[in-house]
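Build the full structure now, drawing on both the sequences and the hints.
Residue numbers (the numbering used here), protein chains in the order written: chain A, 1 to 437; chain B, 1001 to 1437.
Warning: the hint list may mix true and false statements.
[Unchecked claim] Each computed EDC-like pair below joins lysine to aspartate or glutamate, with the alpha-carbon atoms no more than 16 Å apart:
1) B/K1280 with A/E278
2) B/K1285 with A/E18
3) B/K1066 with A/D149
4) B/K1066 with A/E67
5) A/K229 with A/D333
6) A/K16 with B/D1024
7) A/K280 with B/E1018
8) B/K1016 with A/E278
9) A/K285 with B/D1024
10) B/K1285 with A/D24
11) A/K285 with B/E1018
12) B/K1066 with A/D63
13) A/K66 with B/E1326
14) B/K1092 with B/E1326
15) A/K66 with B/E1343
16) B/K1285 with A/D149
17) A/K285 with B/D1149
18) B/K1416 with B/E1326
19) A/K66 with B/E1278
These are calculated hints, taken from the structure and not from any lab test.
2 protein chains.
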Amino acid sequence: MNTLIDSALIESAMQKLEVASYEDLSIRQLVSLVNLFEKESGEEFIHFEIGVPGLPASQVGIDAQKEALDSGVASVYPALEGEPALKQAASKFIRSIIGAEVAPAHCIPTVGSMQGTFATLMAVSALDEKKDTILYIDPGFPVQKTQADVLGIRREAFDVYNYRAEKLAPKLEEYLSTGRIAAILYSNPNNPTWMCLTDDELRTIGEMANKYDAIVIEDLAYITMDFRKDVDPTTGLPTQVSVTPYTDNYVLLMSGSKIFSYAGERIAVTAISDKLFERKSEALKRRFGLPSFGNVFVHKLIYTLSSGVSHSAQMALARMMDQAAEGLYNYRDEVREYANRTERIREILTRHGFHIVYDKDVDEPVGNGFFFTIGYKDMKGGELLGNLLRCGVSGIVLTSTGADYEGIRACSSAIKPHHYDLLDQRLAMFEELVAGA
Amino acid sequence: MNTLIDSALIESAMQKLEVASYEDLSIRQLVSLVNLFEKESGEEFIHFEIGVPGLPASQVGIDAQKEALDSGVASVYPALEGEPALKQAASKFIRSIIGAEVAPAHCIPTVGSMQGTFATLMAVSALDEKKDTILYIDPGFPVQKTQADVLGIRREAFDVYNYRAEKLAPKLEEYLSTGRIAAILYSNPNNPTWMCLTDDELRTIGEMANKYDAIVIEDLAYITMDFRKDVDPTTGLPTQVSVTPYTDNYVLLMSGSKIFSYAGERIAVTAISDKLFERKSEALKRRFGLPSFGNVFVHKLIYTLSSGVSHSAQMALARMMDQAAEGLYNYRDEVREYANRTERIREILTRHGFHIVYDKDVDEPVGNGFFFTIGYKDMKGGELLGNLLRCGVSGIVLTSTGADYEGIRACSSAIKPHHYDLLDQRLAMFEELVAGA
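This is the structure:
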């Protein structure tokens, strides 16, 4: 069989990474694996595996960051609670796009949302000793579960695909009624399936969180990137549904990586609801020496994790968020490119017998965006990835994201114009390979 | 009594921070306290409390960082193991300045040495379940102990002042012989006292670490800033003694914050000895799912803590380290300014009845550098800080650094030319205050 990569090379590379199966590979491990395969084969891969921005970083941000460097910020420790300009801008961005009020004081810059999630998981799991579990609404970003594992925090999860709309409340209650759920975590739009929770479903989540005193952790990495939605006709700004109208106990993870293509600088904001920021507990005091959630977050966690966040990158995100909130910077037109790419890729995939695994969003078809999910007949995800890798196409096994369904997470971000034809050829190779097997 | 700040204001501000005594204030809490006092009193403080670089950031770094931003790095996720240019430069810098060999692959960029220490503490404490304790050679940087507390890692410490030279080995053995010490942590030059461990003492630490299988964590934040030492006559480069010749199990924390005045960008390198990087243990595998120290550090810790480090700041540190290692960039001449300031400040302090608490470095007087320690008669550190704050001078209570002796840690970095006269006046006010009390 004529493939790009032979099985033995894949085997030996995985051994070096100390990983037994495709399901156990982290995204970053896959990236390094695929880099190796490209080197060994001399052939370019179709990089479906990683959500690297495939667009240039926002020029608005780069200009602001360079100005900040010229103004001397590189020698000055950033304030632990963040630079005032970014705190103000984040608060304003949240007001304009989501319609929620979070005081600037409670918008805390973090080293990517990765750090924001790490600190949030530490804090929410210490608020109340009886509440020791994080509930993940899956499929989800695998590293957020690795974070819980690294921290030794208990976790539960369910695949939301079969529990949309009115089925969501009873499913949530099944977990929450144990009294052990400290927080509910999800992303919206969803990584990896691009399903979008509706306003009704977010109300359900908020009401359930209130009933059982759980914190809602809403990952807004892809905020406003559901391109089926139009801008608000009165403001002209994009909008995003959120849990914020339905509970006072929330944490919003606002990353600059995707909407502003600023992943390289590791810059984000964790916005903690005003009520949660001020919340005190004896358990927090026992664990961290301070009783309030906000003080623990800033003075114990951000302090010890990294003593704050790149000063110049904060100034970049401040300007991007501020101009976006003012309607002066239409970042959404830049990232809409991903939806166009996904549409073309889906056409090619379908032609070669692939299907979209998570195809429905309640009763609508799932939109085109950054991520999508692909399956091939009844092939298991690990086997599918193994076959695709041999043909120069990579991706993430869906079960590693907590999915109940078999397939691959793919991302359109790394796709360049010449890749459409290449994908076509590689999928033809794939069809031959599996037909021969 | 005529002071700048009255006691009631100090009381109420500390209440808001939820802190009971001066000893319990973190450095960053003190900074925000002092900012408040300046606002309330309308008077500038003498900021002895924080080690912010008091010099502009290295222009070499700023130029490199801006070029990196222009070249498009802001959209590209940094590699978890770090960008090749920085890994190469760090390895070369270590070879030139310390004379040690650490492979570029084992030099891992971190978000400041704060993140490097956090990840290192997590990893070393999981290598062997019986070894659950970090031994701090005190006085030390208080936040490194807060890190252990936040992580729930047991710690021990002793003040090294009375255990220098031949007294060090038996003192170390007292702790190591329990079999519970996972790692020994110290800074050299020492924060807060500016004492410098000698080559003989570092040999002792290395030998003891070998005997009891402990990891040595050497914080080199102030590398080559012992200005009593001259450059190497053959290379013309500054040099630094280190534990590296005496053990194969070490972690070097190399910060860009002080030597390159780059604190604002949160950039550092954690250099893990080749042997430790490859070391495997069943305990690591149980705790983190991977058996080798280096893989855990990169693929479990750096990944989940922040998914890597600002891409542009990595390029800045790469150029600064590379040029310093080549002898093209004499960063040491820039930071020598701190020693000059400390010399003048010490003269003023002595004139007002203050003394240097940690005055001796084995049998030499302690050198002038970034930090120094001050006492006043037999006044306790908390009382001394309380009185100094009322007179517009701040600092850190020494006991919070694990010191057995009473006094204040002071830093010369924020001192500007007009501050010498101001300090003189403030100390006169202090003398009146304590005479009247």
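Hints, verified against the model:
{"no.": "1", "hint": "B/K1280 with A/E278", "result": "violated (43 Å)"}
{"no.": "2", "hint": "B/K1285 with A/E18", "result": "holds (10 Å)"}
{"no.": "3", "hint": "B/K1066 with A/D149", "result": "violated (37 Å)"}
{"no.": "4", "hint": "B/K1066 with A/E67", "result": "holds (9 Å)"}
{"no.": "5", "hint": "A/K229 with A/D333", "result": "holds (13 Å)"}
{"no.": "6", "hint": "A/K16 with B/D1024", "result": "violated (47 Å)"}
{"no.": "7", "hint": "A/K280 with B/E1018", "result": "holds (11 Å)"}
{"no.": "8", "hint": "B/K1016 with A/E278", "result": "holds (12 Å)"}
{"no.": "9", "hint": "A/K285 with B/D1024", "result": "holds (14 Å)"}
{"no.": "10", "hint": "B/K1285 with A/D24", "result": "holds (14 Å)"}
{"no.": "11", "hint": "A/K285 with B/E1018", "result": "holds (10 Å)"}
{"no.": "12", "hint": "B/K1066 with A/D63", "result": "holds (10 Å)"}
{"no.": "13", "hint": "A/K66 with B/E1326", "result": "violated (27 Å)"}
{"no.": "14", "hint": "B/K1092 with B/E1326", "result": "holds (9 Å)"}
{"no.": "15", "hint": "A/K66 with B/E1343", "result": "violated (36 Å)"}
{"no.": "16", "hint": "B/K1285 with A/D149", "result": "holds (12 Å)"}
{"no.": "17", "hint": "A/K285 with B/D1149", "result": "holds (12 Å)"}
{"no.": "18", "hint": "B/K1416 with B/E1326", "result": "violated (32 Å)"}
{"no.": "19", "hint": "A/K66 with B/E1278", "result": "violated (39 Å)"}
When held up to the earlier numbered hints, the structure conflicts with 1, 3, 6, 13, 15, 18, 19 and fits the remainder.
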